[in-house]
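Peer 1: Assemble the complex: chain C is given as a structure, and chains A and Y with the ligand must be docked to it using the hints.
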Amino acid sequence: MSLTNEYIRQRITEKFGDAITNVEEPAGFLTFEVPKEMNLKVMQFLHDDNELKFRFLTDLCGVHYPNQEGRELAVVYHMHNLVDNVRLRMKVFTGINDPDVFTATSLFESANWQERETYDFYGINFVGHPNLKRILNVDEMDYFPMRKEYPLEDQSRIDKDDEMFGRGGSIS
Amino acid sequence: MSELIHQQPHHVKLPEGSIEKQTTTLNLGPTHPATHGVFQNILEVDGERIISSEQTVGYIHRAFEKIAERRPLYQITPLTDRLNYCSSPINNMGWHLTCEKLLGVNTPKRVDYLRVIIMELSRIADHLICNSIVGVDSGAFSGFLYVMQYRELIYEIFEEVCGSRLTTNIGRIGGFERNFTNAAFEKIEKFLKEYPVTLKEFENLFNRNRIFMERTMGTGGISAERALNYGFTGPNLRATGVDYDVRVAAPYSSYEDFKFDIPVGSTGDNYDRFMVRNQEMWQSLGIIEQAFRKVQEFRGTDADVYHADVPEYYLPEKQDVYTKMEALIWHFKIIMGEIDMPKGEVYHSVEGGNGELGFYLISDGGRAPFRLHFRRPCFIYYQAYSELTKGALLSDAVITMSSLNLIAGEMDA
Amino acid sequence: MARPVQYNVKNEGGKIVITDDMPPGYGGEGFFATTLDQVVGWGRKNSLWPMPFATSCCGIEFMATSASHYDIGRFGSERFAHTPRQCDLLLVMGTIAKKMGPILKQVYLQMSEPRWVIAVGACASSGGIFDTYSVLQGIDQIIPVDVYVPGCPPRPEAILDGLLKCQDLVGQESLRRRNSDKYKALLNSYGIE
Ligand code: SF4
Chain C
1 MSLTNEYIRQ RITEKFGDAI TNVEEPAGFL TFEVPKEMNL KVMQFLHDDN
51 ELKFRFLTDL CGVHYPNQEG RELAVVYHMH NLVDNVRLRM KVFTGINDPD
101 VFTATSLFES ANWQERETYD FYGINFVGHP NLKRILNVDE MDYFPMRKEY
151 PLEDQSRIDK DDEMFGRGGS IS
Chain A
173 MSELIHQQPH HVKLPEGSIE KQTTTLNLGP THPATHGVFQ NILEVDGERI
223 ISSEQTVGYI HRAFEKIAER RPLYQITPLT DRLNYCSSPI NNMGWHLTCE
273 KLLGVNTPKR VDYLRVIIME LSRIADHLIC NSIVGVDSGA FSGFLYVMQY
323 RELIYEIFEE VCGSRLTTNI GRIGGFERNF TNAAFEKIEK FLKEYPVTLK
373 EFENLFNRNR IFMERTMGTG GISAERALNY GFTGPNLRAT GVDYDVRVAA
423 PYSSYEDFKF DIPVGSTGDN YDRFMVRNQE MWQSLGIIEQ AFRKVQEFRG
473 TDADVYHADV PEYYLPEKQD VYTKMEALIW HFKIIMGEID MPKGEVYHSV
523 EGGNGELGFY LISDGGRAPF RLHFRRPCFI YYQAYSELTK GALLSDAVIT
573 MSSLNLIAGE MDA
Chain Y
586 MARPVQYNVK NEGGKIVITD DMPPGYGGEG FFATTLDQVV GWGRKNSLWP
636 MPFATSCCGI EFMATSASHY DIGRFGSERF AHTPRQCDLL LVMGTIAKKM
686 GPILKQVYLQ MSEPRWVIAV GACASSGGIF DTYSVLQGID QIIPVDVYVP
736 GCPPRPEAIL DGLLKCQDLV GQESLRRRNS DKYKALLNSY GIE
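Chains as they are written, first to last, in the numbering used here: chain C, 1 to 172; chain A, 173 to 585; chain Y, 586 to 778.
Fair warning: there could be bad hints in the mix.
Chain Y side only, calculated, beta carbon under 7 Å to chain A, not exhaustive [stated by the list, open to error]:
(1) THR640
(2) ALA682
(3) SER719
(4) PRO738
Think about it this way: if two alpha-carbon atoms lie no more than 30 Å apart in a straight line, the pair counts; the simulated DSSO-like pairs of lysine-lysine are [what the hints assert, rightly or not]:
(5) C:LYS15 / C:LYS41
(6) C:LYS91 / A:LYS515
(7) Y:LYS767 / Y:LYS630
(8) A:LYS362 / A:LYS431
(9) C:LYS133 / Y:LYS683
(10) A:LYS281 / A:LYS431
(11) C:LYS15 / C:LYS91
(12) A:LYS273 / C:LYS91
(13) C:LYS148 / Y:LYS683
(14) Y:LYS690 / Y:LYS750
(15) C:LYS53 / A:LYS273
(16) C:LYS91 / C:LYS148
(17) A:LYS466 / A:LYS365
(18) A:LYS372 / C:LYS148
(19) Y:LYS683 / Y:LYS769
(20) A:LYS273 / A:LYS431
(21) Y:LYS683 / Y:LYS767
(22) A:LYS365 / A:LYS281
(23) Y:LYS690 / Y:LYS769
(24) A:LYS281 / A:LYS359
(25) Y:LYS683 / Y:LYS750
(26) A:LYS359 / A:LYS372
(27) Y:LYS750 / Y:LYS769
(28) C:LYS133 / A:LYS562
(29) A:LYS359 / A:LYS490
(30) C:LYS148 / A:LYS515
(31) A:LYS281 / A:LYS515
(32) A:LYS505 / C:LYS148
(33) Y:LYS690 / C:LYS133
(34) A:LYS490 / A:LYS281
To be clear, the hints were calculated from the coordinates, so they are not data collected in a lab. A virtual CB, placed ideally from N, CA and C, is assigned to each residue, including glycine.
With the rest of the complex left out, here is chain C (with noise of 0.2 Å):
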């Protein structure tokens, strides 16, 4: 038997009825949107369950969304099923000021550097993950670089001239 996305989708909604929000298939990938809280529950089920059977946790990572108040940092989740062969995508919401998920990493090895990677960039504190410090930028580190109000460019840098580049500011 095929795993089919309509078949997950009835599947979990029976389980979570309406905790499962914003069902889509862009690009014919399953997506689902559920509440923070819950994001350990389903992914116990999807991970347990005899049939569904989603024992692979692709990748982990954080999204930035300015515009959405109340719920602007995201975390997505890319389960696979190896067996076969269905990928799903699943994403946690949360607001910037209590940016408080739960962690993975009971069920999943793979997610303890994922989630420090996502802290890292996004401030997102995992709760009850074992170990939640920087790992690619250094300890001193005091702001969460890919949120978006953070500029690119190297602040510290004294060798350019912006004016050159159109955008504006020049060094005396």
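Peer 2: Frame of chain C; chains A and Y with the ligand shown alone:
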């Protein structure tokens, strides 16, 4: 081990206090020559045995994902070059395929086959470095010198196709920037003829070599379940016995037209990883040969097709730019990145040198991606290093590190 | 009459080919006189011990330079020591992130004088394409650099050319340079005592 130290024979007189701390802390990296890349391992060793270890990465974090949010699509290709720089073309193609998925572009068959040739060549280049470095770390330098010459042949092919050796920026959205020259095909043919001989020789040096087997068998092993839990993909996962290969699971670039096997191991140890990579090189050679023949079969106008028709992203011919108004406008629009891409959200993955290389692209209809995330296989499976080396000898841990094929550029993004 | 000195000279078909440029001086049978500066410079230049500090892509190109095809050994520099204490030439290849900066500086400090530095590739020279919050905009912000090799990555030929340029510098360096006030001021400007 630690009990042994307590049971010192009575005639050995150690200075007072010298055995209070029974283990040694050893710092391996970030500039240690054995790490072949910049990452740090802080090891707690008891004699030669590793008790625990902790990894630090991020020493060449270059903020690719942040840069990508400011760049039009075609300017992101050079960034992908620098992810896994041992097999840049695969990353380039993966990125182009992602863009094509978002834009809904269908590429002609000939483009697909040419891409397959390039991708498999770079897979060989990648595996060849990894395997020869495993050889170097287990004390056999000659294998490295044997095969490096053939990597130069591969680089010559890349040079012929795109003009660059390592950071290739090969191809464009929709195909290639120019057709393959005859010289390129000749070089591919030459490579197909000469490389198997050397690869055989390389295998003769290692595969049944007693010293090499003793060094690599049974070290750095991992079970299939643990490997999956740790998010292993690529040769490292296949060495544990799971036949997951993106080329087969979700064929891209017409991989479904080719016949090849997925080599798998059983124990997931260093020897299996080495053998899987070696076998994959043979399979890649087979694929290149098939693709090469398929490309030769095109006749008539089909034989000159090297890109799809994507006027919004594929630069017009230079000659037209100089003489035709419309082409000039397109040229400027593309170069200045003034083309809004469709809204959407795509995930595309290719089988990179190290495993599933994924691109998660969110577009809000602007000129640059709203968010681009790279699924970097290296970064994900390096987490398992602690577990792989627990209780292992220090010298084996070094081989484990090189047989995982850790590429710092990919790890740190 | 003294015969021409034949040491370090190969005779190819009657034409005398000098395999290495000797410093200018007076020579006769069994002796050669020149200045100490030149002898020392000549010796140093042909026995550089490089310390490859390879972090990323450029390091892979350096691998090609040192392997069979390009063979850096032809230029008297194949003795990579991998420990800064024994080396006198630091080859920095690849991106240096801010996290890596202090480590690079420490490696430089561990090398003993006289020491030379080559920055290989755009990243090491200027930060390259990565004008980002995490990348150091050129290693010359933390250590003095003698030769810059442009390219992203430079071809192996370019790396070899950089090495030859550095050899020229080494050969011509005066023995007193490292004790001069100017040099001390240079190091001080990097915060190195
Ligand atoms: S200069 Fe280019 S090739 Fe060299 S390390 Fe930087 S990005 Fe990589």
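Peer 1: Hint by hint, say whether it matches the structure.
Peer 2: Structure-based check of each hint:
| no. | hint | verdict |
| --- | --- | --- |
| 1 | THR640 | holds, 5 Å |
| 2 | ALA682 | holds, 5 Å |
| 3 | SER719 | holds, 5 Å |
| 4 | PRO738 | holds, 5 Å |
| 5 | C:LYS15 / C:LYS41 | holds, 11 Å |
| 6 | C:LYS91 / A:LYS515 | holds, 18 Å |
| 7 | Y:LYS767 / Y:LYS630 | holds, 22 Å |
| 8 | A:LYS362 / A:LYS431 | holds, 22 Å |
| 9 | C:LYS133 / Y:LYS683 | holds, 18 Å |
| 10 | A:LYS281 / A:LYS431 | holds, 16 Å |
| 11 | C:LYS15 / C:LYS91 | holds, 17 Å |
| 12 | A:LYS273 / C:LYS91 | holds, 21 Å |
| 13 | C:LYS148 / Y:LYS683 | holds, 21 Å |
| 14 | Y:LYS690 / Y:LYS750 | holds, 23 Å |
| 15 | C:LYS53 / A:LYS273 | holds, 27 Å |
| 16 | C:LYS91 / C:LYS148 | holds, 19 Å |
| 17 | A:LYS466 / A:LYS365 | holds, 17 Å |
| 18 | A:LYS372 / C:LYS148 | violated, 52 Å |
| 19 | Y:LYS683 / Y:LYS769 | holds, 25 Å |
| 20 | A:LYS273 / A:LYS431 | holds, 24 Å |
| 21 | Y:LYS683 / Y:LYS767 | holds, 28 Å |
| 22 | A:LYS365 / A:LYS281 | holds, 25 Å |
| 23 | Y:LYS690 / Y:LYS769 | holds, 17 Å |
| 24 | A:LYS281 / A:LYS359 | holds, 22 Å |
| 25 | Y:LYS683 / Y:LYS750 | holds, 28 Å |
| 26 | A:LYS359 / A:LYS372 | holds, 20 Å |
| 27 | Y:LYS750 / Y:LYS769 | holds, 23 Å |
| 28 | C:LYS133 / A:LYS562 | holds, 23 Å |
| 29 | A:LYS359 / A:LYS490 | holds, 27 Å |
| 30 | C:LYS148 / A:LYS515 | holds, 19 Å |
| 31 | A:LYS281 / A:LYS515 | holds, 27 Å |
| 32 | A:LYS505 / C:LYS148 | holds, 26 Å |
| 33 | Y:LYS690 / C:LYS133 | holds, 25 Å |
| 34 | A:LYS490 / A:LYS281 | holds, 24 Å |
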